[in-house]
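**Q** Sequence:
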Amino acid sequence: MILTEEQWEALDPDKYLGYGPRELPCAEDAHVDAAIRAINSTEDMEVIVRFTRHSTWKVFKAFAARMASLGVRHRDPEIIRRGVVACGVALSRSDDHREVILSLAVLHRACVLIEEDPAEVFRGAVGVMPHWIAETVGQFPMRDDLRIESFGWAEGADGSGFRFINTWWLLYGPAR
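Once you know that position 129 of the sequence shown is 1068 in the numbering used here, the rest is easy, because the numbers rise by one and skip nothing.
Keep in mind that the hints were calculated from the coordinates and are not lab data.
Treat each hint with caution, since some may be false.
Think about it this way: if two alpha-carbon atoms lie no more than 20 Å apart in a straight line, the pair counts; the simulated SDA-like pairs of lysine to any residue are [unchecked claim]:
#: 1; residue 1: Lys954; residue 2: Arg1032
#: 2; residue 1: Lys997; residue 2: Pro964
#: 3; residue 1: Lys954; residue 2: Ala973
#: 4; residue 1: Lys997; residue 2: Leu963
#: 5; residue 1: Lys997; residue 2: Ala1073
#: 6; residue 1: Lys997; residue 2: Pro952
#: 7; residue 1: Lys997; residue 2: Ser1033
#: 8; residue 1: Lys954; residue 2: Asp972
#: 9; residue 1: Lys997; residue 2: Asp951
#: 10; residue 1: Lys997; residue 2: Gly959
#: 11; residue 1: Lys954; residue 2: Ala966
#: 12; residue 1: Lys954; residue 2: Asp968
#: 13; residue 1: Lys997; residue 2: Leu1041
#: 14; residue 1: Lys997; residue 2: Asp1034
#: 15; residue 1: Lys997; residue 2: Arg1037
#: 16; residue 1: Lys997; residue 2: Pro1069
#: 17; residue 1: Lys954; residue 2: Thr943
#: 18; residue 1: Lys997; residue 2: Gly957
#: 19; residue 1: Lys997; residue 2: Gly1091
#: 20; residue 1: Lys997; residue 2: Glu985
#: 21; residue 1: Lys997; residue 2: His1036
#: 22; residue 1: Lys997; residue 2: Asp972
#: 23; residue 1: Lys997; residue 2: Glu967
#: 24; residue 1: Lys997; residue 2: Asp968
#: 25; residue 1: Lys997; residue 2: Gln946
Could you put together the complete structure from these sequences and hints?
**A** Spelled out as structure tokens, the structure:
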């Protein structure tokens, strides 16, 4: 197995209620990051997808957006790349891919803010994704409208520094 039993248990989605808006970074980030760092091939991603509960896609989606913020804070494209990989996991499990696409928008913006080529960062992540996911993720930087406001996000800050703020809840209720 690519994760220890303890690492699998740490991915229980019931432990992540309210995860998205928590302080950055938090202990849960390290648990999800361990799973993402274990993905070195399409087969590894398939194992993560197969052995996590269906609703865990929401955890990976939230992690992706959180990594966009941390990537900007640390000016680190590798952190952003891991967020893109997390979106790949989320897309593999999600019932509604549009929800995951929202996180891709802030990952793209994070690349722009740290002056990295979004297409290159995304390409660095798609190699571990199944073809149909890699195609969706890899083509995202080519979209016409990539303004984060179109995806329910704004740039802001919290007590620790830069942070993407989910504004979708202003129209539709609290963020998950």
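**Q** Evaluate each hint against the coordinates.
**A** Now the hints, each set against the structure:
1. Lys954 with Arg1032: holds, 18 Å
2. Lys997 with Pro964: holds, 18 Å
3. Lys954 with Ala973: holds, 16 Å
4. Lys997 with Leu963: OK: Lys997 and Leu963 at ~17 Å, within 20 Å.
5. Lys997 with Ala1073: Within the cut-off at roughly 19 Å; holds.
6. Lys997 with Pro952: Status holds; Cα separation ~8 Å.
7. Lys997 with Ser1033: The hint holds at about 8 Å.
8. Lys954 with Asp972: holds, 15 Å
9. Lys997 with Asp951: holds, 11 Å
10. Lys997 with Gly959: OK: Lys997 and Gly959 at ~9 Å, within 20 Å.
11. Lys954 with Ala966: Holds, at about 11 Å.
12. Lys954 with Asp968: holds, 12 Å
13. Lys997 with Leu1041: holds, 12 Å
14. Lys997 with Asp1034: Given pair Lys997, Asp1034 holds - Cα atoms ~10 Å apart, limit 20 Å.
15. Lys997 with Arg1037: holds, 12 Å
16. Lys997 with Pro1069: holds, 19 Å
17. Lys954 with Thr943: holds, 18 Å
18. Lys997 with Gly957: holds, 11 Å
19. Lys997 with Gly1091: holds, 16 Å
20. Lys997 with Glu985: Measuring from Cα to Cα gives roughly 17 Å; hence the hint holds.
21. Lys997 with His1036: Roughly 11 Å separates the two Cα atoms, so the pair holds.
22. Lys997 with Asp972: holds, 14 Å
23. Lys997 with Glu967: holds, 13 Å
24. Lys997 with Asp968: Answer holds: Lys997 to Asp968 is near 13 Å, not above 20 Å.
25. Lys997 with Gln946: Holds, at roughly 17 Å.
In terms of the numbered hints stated before, the structure departs from none.
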